[in-house]
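Okay, here's what each chain looks like letter by letter:
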Amino acid sequence: MEETKNDKPEVSVEVTDRGPLRICGNFILKDLQRDNETVPGEVWLCRCGQSSDKPFCDGSHRK
Amino acid sequence: METGKTFSGGRKYTNGEITVYWKPDACIHATYCYRELIEVFDPGRRPWVDMTGASTEKIIKTVNMCPTEALTWKWNDEEKNKSVGPGQTNHIKFRRPELMEAGEAGEKGILENPVTVKIMKDGPIVIKGSFELINAGNNKVISGSIVSICRCGKSHQMPFCDGHHRKVGFEG
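For the protein sequence lines, the chains are H and L, in the order given. Going by this note's numbering, the residue at position 47 of the first sequence is 47; the numbering climbs one at a time, nothing skipped. Going by this note's numbering, the residue at position 42 of the second sequence is 105; the numbering climbs one at a time, nothing skipped.
Isolated chain L, as found in the complex:
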């Protein structure tokens, strides 16, 4: 979906009343969010946003302080979003209007299905999602949806995993 492309990655969190969007590559670590509301925004915790940590009013106030577009918010009730005033600086209407147009269908593909890179226990790197894989050895490019990359150095199918990590007792 065309509108989905304009939001190139991020995560969202909701308390049922509002949704907070976080776009990591827009964050300049100005630290307003966690200095103001560590109960909700705690960079040392995973997930780092806990929407149950404070009232909706406090969360909105804090998100509105974010100087970049890394944190934005919206009401879950779409009707309420239409009448939001300019005082709500970081409402998606002002910062990420593409999310207003995208709606749930547009968001789903991008926000809920980001590319994941998993480091398997004593095993390979498993990459899932939409990505481009470039093999510098032979300049081959493949567009993948899932690959498993050798991490033990012993595969006979480099760069891919062929299960040899089990035979050699790879740990790490």
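If we strip away everything but chain H, and leave its shape as in the complex, we get:
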């Protein structure tokens, strides 16, 4: 089980079509704006500048 898990690339970053940035895997998220650091495993980050839950996507890009 451990082996199959490790065969995946450690971190994948996906620029979704007209949507947020999805990041998956083992990474450290450092938010310099809000001064915090987390190891979330997976995040959807806003790319349109309109989210009211920055840095995360809240679906505002569809409006």
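For the record, the hints were derived by calculation from the structure and aren't laboratory data. Heads up, some of the hints might be wrong.
Unchecked claim - Derived lysine-lysine pairs resembling DSS-like cross-links, with alpha carbons at most 30 Å apart:
(1) L/Lys181 <-> L/Lys75
(2) H/Lys54 <-> L/Lys181
(3) L/Lys230 <-> L/Lys181
(4) L/Lys145 <-> H/Lys30
(5) L/Lys217 <-> H/Lys30
(6) L/Lys230 <-> L/Lys217
(7) H/Lys54 <-> L/Lys230
(8) L/Lys145 <-> H/Lys63
(9) H/Lys30 <-> L/Lys75
(10) L/Lys191 <-> L/Lys181
(11) H/Lys63 <-> L/Lys184
(12) L/Lys191 <-> H/Lys30
(13) L/Lys156 <-> L/Lys145
(14) H/Lys54 <-> L/Lys143
(15) L/Lys121 <-> L/Lys145
(16) H/Lys30 <-> L/Lys181
(17) H/Lys63 <-> L/Lys230
(18) L/Lys217 <-> L/Lys184
(19) L/Lys230 <-> H/Lys30
(20) L/Lys75 <-> H/Lys63
(21) L/Lys121 <-> L/Lys156
(22) H/Lys63 <-> L/Lys181
(23) L/Lys145 <-> L/Lys181
Chain H is already provided as a structure; the job is to place chain L on it using the hints.
Frame of chain H; chain L shown alone:
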């Protein structure tokens, strides 16, 4: 290094005498660590592990309670690691033997250089490390070491930052 691959991410903390390894994706939040020793393991603090919060003996006892392999430990004195008995359930010898073999060189690449994603103040997302970037718009995949992704929505070089956030006065 081959042995480095078998530890796919995590952080380590030391008090000079022992090193505690934390692998976040193995954690099931059983809460033994912080119920037992909040002085050292405090999920509300950053960094969440403070190795100066208690004695080595207490830290070992608490790490040994972790029901998953999320928390493991070793003596910094490699000689001492060889004679560790099975009572020390979460010693890396029993839980993460690959770390015994990897040694310092193997650990360095993986543990001290994890991928970092930085949200810049009023600016882009900067991703550093070894990652794969998939662009769903044109199905292009690049293996990157550093990229800067637009966060303001105004770049003319999408998905990358071209500095327009300054012109438009992006905040967030």
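Consistency of the hints with the structure:
Restraint check: the Cα-Cα separation between lysine 181 of chain L and lysine 75 of chain L comes to about 20 Å, which is no more than 30 Å; the hinted pair holds. Restraint check for lysine 54 of chain H and lysine 181 of chain L: the C-alpha separation of about 13 Å stays at or below 30 Å, so the hint holds. Between lysine 230 of chain L and lysine 181 of chain L the CA atoms are separated by roughly 21 Å; this keeps the pair inside 30 Å, and the hint holds. Pair hint lysine 145 of chain L plus lysine 30 of chain H does not hold up; C-alpha atoms about 37 Å apart against a cutoff of 30 Å.
A C-alpha spacing of about 23 Å is found between lysine 217 of chain L and lysine 30 of chain H, which places the hinted pair at or below 30 Å, so the restraint holds. For the hint pairing lysine 230 of chain L with lysine 217 of chain L, the CA-to-CA distance comes to about 9 Å; that is within 30 Å, so the pair holds. Distance hint between lysine 54 of chain H and lysine 230 of chain L is fulfilled; the C-alpha atoms sit about 20 Å from each other, no more than 30 Å. For the suggested pair lysine 145 of chain L and lysine 63 of chain H, the alpha carbons sit about 61 Å apart, so the restraint of at most 30 Å is broken.
With a C-alpha separation of about 17 Å, the suggested pair lysine 30 of chain H and lysine 75 of chain L falls inside the 30 Å cut-off, and the hint holds. For the hint pairing lysine 191 of chain L with lysine 181 of chain L, the CA-to-CA distance comes to about 8 Å; that is within 30 Å, so the pair holds. In summary, the hint linking lysine 63 of chain H to lysine 184 of chain L is supported, as the alpha carbons are separated by about 25 Å, within the 30 Å threshold. For the hint linking lysine 191 of chain L to lysine 30 of chain H, the alpha-carbon distance of about 11 Å falls within 30 Å, and the restraint holds.
In summary, the hint linking lysine 156 of chain L to lysine 145 of chain L is supported, as the alpha carbons are separated by about 8 Å, within the 30 Å threshold. Between the alpha carbons of lysine 54 of chain H and lysine 143 of chain L the distance comes to roughly 48 Å, so the proposed pair goes past 30 Å and is violated. Of the pairs offered as hints, the one joining lysine 121 of chain L and lysine 145 of chain L holds, with about 21 Å between alpha carbons and a cut-off of 30 Å not exceeded. Between lysine 30 of chain H and lysine 181 of chain L the CA atoms are separated by roughly 5 Å; this keeps the pair inside 30 Å, and the hint holds.
For the given pair, lysine 63 of chain H sits about 23 Å from lysine 230 of chain L by alpha-carbon distance, which is consistent with the 30 Å threshold. Distance check on the hinted pair: lysine 217 of chain L and lysine 184 of chain L sit about 16 Å apart at the alpha-carbon level, within 30 Å; holds. Taking the CA atoms of lysine 230 of chain L and lysine 30 of chain H, the gap is near 24 Å; set against the 30 Å cutoff, the hint holds. Among the hinted pairs, lysine 75 of chain L with lysine 63 of chain H is inconsistent with the structure: their alpha-carbon atoms are about 43 Å apart, more than 30 Å.
Between the alpha carbons of lysine 121 of chain L and lysine 156 of chain L the distance comes to roughly 19 Å, so the proposed pair stays at or under 30 Å and holds. Our distance criterion of 30 Å between C-alpha atoms is met by lysine 63 of chain H and lysine 181 of chain L, whose separation comes to about 27 Å. For the suggested pair lysine 145 of chain L and lysine 181 of chain L, the alpha carbons sit about 40 Å apart, so the restraint of at most 30 Å is broken.
Consistency with the previously given hints fails for numbers 4, 8, 14, 20, 23, ordered from lowest to highest.
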